[in-house]
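Chemist: Protein sequences appear in the order of chains F and P. Its first residue numbered 1, the first sequence is counted upward by one per residue in the numbering used here. Its first residue numbered 101, the second sequence is counted upward by one per residue in the numbering used here.
Bear in mind the hints are in silico, worked out from the structure with no lab data behind them. Fair warning: there could be bad hints in the mix.
[Claimed, not checked] Calculated from the model, a selection of chain P residues having no Cβ within reach of chain F, i.e. all distances over 12 Å:
| hint | residue |
| --- | --- |
| 1 | ALA111 |
| 2 | SER121 |
| 3 | LEU122 |
| 4 | ALA134 |
| 5 | ASP156 |
| 6 | ALA177 |
| 7 | ILE185 |
| 8 | GLU189 |
| 9 | ALA190 |
| 10 | ASP192 |
| 11 | LEU194 |
[Claimed, not checked] No more than 16 Å apart at the CA atoms, straight line, and that leaves these computed lysine to aspartate or glutamate pairs for EDC-like:
| hint | chain 1 | residue 1 | chain 2 | residue 2 |
| --- | --- | --- | --- | --- |
| 12 | P | LYS154 | F | GLU40 |
| 13 | F | LYS54 | P | GLU140 |
| 14 | P | LYS154 | F | GLU60 |
| 15 | P | LYS124 | P | GLU160 |
| 16 | F | LYS24 | F | GLU60 |
| 17 | P | LYS154 | P | GLU119 |
| 18 | F | LYS54 | F | GLU89 |
| 19 | F | LYS54 | P | ASP137 |
Small disclaimer: the values here were computed from a predicted structure and weren't measured. The C-beta atom is built at its ideal place from N, Cα and C for all residues, glycine as well.
2 protein chains.
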Amino acid sequence: MIPRLTDAERAALVDLLPEWSLAKDRDAIERRFAFADFSEAFAFMTRVALLAEKHDHHPEWSNVYNRVTILLSTHDAGGLSARDIRLAEAIDGLA
Amino acid sequence: MIPRLTDAERAALVDLLPEWSLAKDRDAIERRFAFADFSEAFAFMTRVALLAEKHDHHPEWSNVYNRVTILLSTHDAGGLSARDIRLAEAIDGLA
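Here chain F stands alone, though its shape is the one from the complex:
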């Protein structure tokens, strides 16, 4: 079992990942991205897919034309863990 984030780690999220917000009905973080068109959105998704495989941690995500929504949570933790923070930081590094 992977440990969930502590209260102190959660409090630090606002500064650490200012573009991400806590999901409403899940112990998860999410971020929405908008691009010029589908081609740019899917190019970004491809880079995120490579990151996900590298981290062995995968997003729950959706795409509608130029928009991409990414939700991160850790199944083996039953909620947010350090793995989500690391992947979110890596994704932010692309954007």
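Add chain P to chain F, keeping to what the hints say.
Modeler: Leaving out everything else, chain P in the frame of chain F:
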């Protein structure tokens, strides 16, 4: 404005696209796919993305690890059109 499917065309969907079902709260069709892992799921998504660009018609879709859900509807028709059928048939051709 693109014409929506007629009643006769809708009645034919069961035979034409047996793997697809009507969405519950949208005038749309959807299909769920399951793969061995994320890598296979995303490889499939990449092929669907190429089809979407070729057809100039894009899915609303989501992915969680090995699962992919695709919903097709035509914004410019306010619901299902022949474009959705053509793209669904092309996607079935990959699977």
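Chemist: Straight-line Cα separation of LYS154 of chain P and GLU60 of chain F no greater than 16 Å?
Modeler: violated (26 Å)
Chemist: So ALA190 of chain P supposedly isn't at the interface. Is its beta-carbon more than 12 Å from every beta-carbon in chain F?
Modeler: Correct as stated: the minimum Cβ-Cβ distance to chain F is 16 Å, above 12 Å.
Chemist: When you check the alpha-carbon spacing of LYS124 of chain P and GLU160 of chain P, does it fall within 16 Å?
Modeler: holds (15 Å)
Chemist: Taking the closest pair, is the beta carbon of GLU189 of chain P still more than 12 Å from chain F?
Modeler: Its Cβ never comes within 12 Å of chain F, the nearest being 20 Å, so this holds.
Chemist: Given the hint that LYS54 of chain F pairs with ASP137 of chain P, test it: the Cα-Cα distance must not exceed 16 Å.
Modeler: holds (14 Å)
Chemist: With 12 Å as the threshold, tell me whether ALA177 of chain P passes as away from chain F on beta-carbon distances.
Modeler: holds (15 Å)
Chemist: Report holds if the minimum CB distance from ILE185 of chain P to chain F is greater than 12 Å, and violated otherwise.
Modeler: With a cut-off of 12 Å, ILE185 of chain P remains clear of chain F, as the shortest Cβ separation is near 19 Å.
Chemist: Holds or violated: LYS154 of chain P with GLU119 of chain P, Cα cutoff 16 Å?
Modeler: Not OK: LYS154 of chain P and GLU119 of chain P at ~22 Å, beyond 16 Å, violated.
Chemist: Can the restraint linking LYS54 of chain F and GLU89 of chain F be considered satisfied, given a maximum Cα separation of 16 Å?
Modeler: holds (14 Å)
Chemist: Minimum Cβ separation between ASP192 of chain P and chain F greater than 12 Å?
Modeler: holds (20 Å)
Chemist: Minimum Cβ separation between SER121 of chain P and chain F greater than 12 Å?
Modeler: Consistent with the label, SER121 of chain P stays out of reach of chain F, its closest Cβ about 19 Å off (over 12 Å).
Chemist: Over 12 Å to the closest beta carbon of chain F is the bar; see if ASP156 of chain P clears it.
Modeler: violated (9 Å)
In summary, the numbered hints that this structure violates are 5, 14 and 17.
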